[in-house]
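So you can see what is in the structure, the chains are spelled out below.
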Amino acid sequence: DIQMTQSPSTLSASVGDRVTITCRASQSIDNFLAWYQQKPGKAPNLLIYKASNLESGVPSRFSGSASGTEFTLTINSLQPDDSATYYCQQYYYYWTFGQGTKVEVK
Amino acid sequence: EVQLVESGGGLVQPGRSLRLSCTTSGFMFGDSGMSWFRQAPGKGLEWVGFIRPKAYGGAAEYAASVGGRFTISRDDSKSIAHLQMNSLKTEDTAVYYCSRPVCVYDGYRLCYFDHWGQGTLVTVST
Chain L
1 DIQMTQSPST
11 LSASVGDRVT
21 ITCRASQSID
31 NFLAWYQQKP
41 GKAPNLLIYK
51 ASNLESGVPS
61 RFSGSASGTE
71 FTLTINSLQP
81 DDSATYYCQQ
91 YYYYWTFGQG
101 TKVEVK
Chain Z
1001 EVQLVESGGG
1011 LVQPGRSLRL
1021 SCTTSGFMFG
1031 DSGMSWFRQA
1041 PGKGLEWVGF
1051 IRPKAYGGAA
1061 EYAASVGGRF
1071 TISRDDSKSI
1081 AHLQMNSLKT
1091 EDTAVYYCSR
1101 PVCVYDGYRL
1111 CYFDHWGQGT
1121 LVTVST
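First to last, the sequence lines map onto chains L and Z. Residue 53 in my numbering sits at position 53 of the first sequence, and the numbers go up by one each step. Numbers in my numbering are just positions in the second sequence, counted from 1, shifted up by 1000.
Keep in mind the hints are simulated off the structure, nothing from the lab. Ideal placement from N, C-alpha and C gives every residue a C-beta, glycine not left out. Don't take each hint at face value.
[To be verified] When the alpha-carbon atoms are kept at most 30 Å apart in a straight line, the in silico DSS-like pairs for lysine-lysine are as follows:
| id | chain 1 | residue 1 | chain 2 | residue 2 |
| --- | --- | --- | --- | --- |
| 1 | L | K42 | Z | K1089 |
| 2 | L | K102 | Z | K1054 |
| 3 | Z | K1043 | L | K50 |
| 4 | Z | K1043 | L | K42 |
| 5 | L | K42 | L | K102 |
| 6 | L | K106 | Z | K1043 |
| 7 | Z | K1043 | L | K39 |
| 8 | Z | K1078 | Z | K1054 |
| 9 | Z | K1089 | L | K50 |
| 10 | Z | K1089 | Z | K1043 |
| 11 | L | K102 | Z | K1078 |
| 12 | L | K106 | L | K39 |
| 13 | L | K39 | L | K102 |
| 14 | Z | K1078 | L | K42 |
| 15 | L | K50 | L | K102 |
| 16 | L | K106 | L | K42 |
| 17 | L | K39 | Z | K1089 |
| 18 | L | K50 | L | K39 |
[What the hints assert, rightly or not] Rough simulated footprint, nothing fancy, chain Z against chain L, three-plus residues with beta-carbon under 8 Å:
| id | region |
| --- | --- |
| 19 | 74–81 |
| 20 | 85–94 |
| 21 | 97–104 |
[Claimed, not checked] Estimated spans, in silico, between C-beta atoms of each pair:
| id | chain 1 | residue 1 | chain 2 | residue 2 | range |
| --- | --- | --- | --- | --- | --- |
| 22 | Z | S1025 | L | K102 | 29 to 35 Å |
| 23 | L | S56 | Z | L1121 | 28 to 34 Å |
| 24 | L | P8 | Z | S1065 | 38 to 44 Å |
| 25 | L | V15 | Z | R1016 | 46 to 52 Å |
| 26 | L | R61 | Z | P1041 | 29 to 35 Å |
| 27 | Z | V1104 | L | S26 | 19 to 25 Å |
| 28 | L | R61 | Z | K1043 | 25 to 31 Å |
Between the sequences and the hints, there should be enough to build the whole structure, so can you do that?
Below you can see the structure in the form of structure tokens.
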């Protein structure tokens, strides 16, 4: 099985800050990685696919990057509406998620 | 507009069965695979199973945690996917989501998920 290790588990930042969330795969996944945002009581919402492709309708302050087996989600100019839990998901071999990162906007 | 609506959740005793449904609209259901995920209370997301489009055999695959107990089926005439859950355990308690994949290859390989239902809560308890 492919393991996804996501960090940090929580973070708190102010409006306008840049935040980064990291996900590391236990083996090569050829950049087949997606990022989702989930708000309490709601379904996940796709943000990024293939490591760096922005899903249609997602604000451009969200971006993704990759370096080998390490993947990063960056939120530029954090907004109050970005308070949520973020998950990475590999889809190279079946599907596994990172543990999630809860983002609090101060 | 793509829509997915889960139904069938509820309270069930350990060892009993439950069938969830995912009613869809707004896309060519017969051409699409479908997947189920779950999320235990306060926990992260877990893949449950995936069913291929019939053009690619219509087979289903499952996570090890549910294999042999859960079965996914599809009714293309009604654009509905089902998740039959047997021999339920307390650890199956979760919100269950169905989701539509976007697949890079064929209809079932290298898929991420662009539309999700709202989820249905399954509680397994005495």
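Does the structure break any of the earlier hints, and which numbers would those be? Numbers 2, 9, 11, 19, 24, in rising order.
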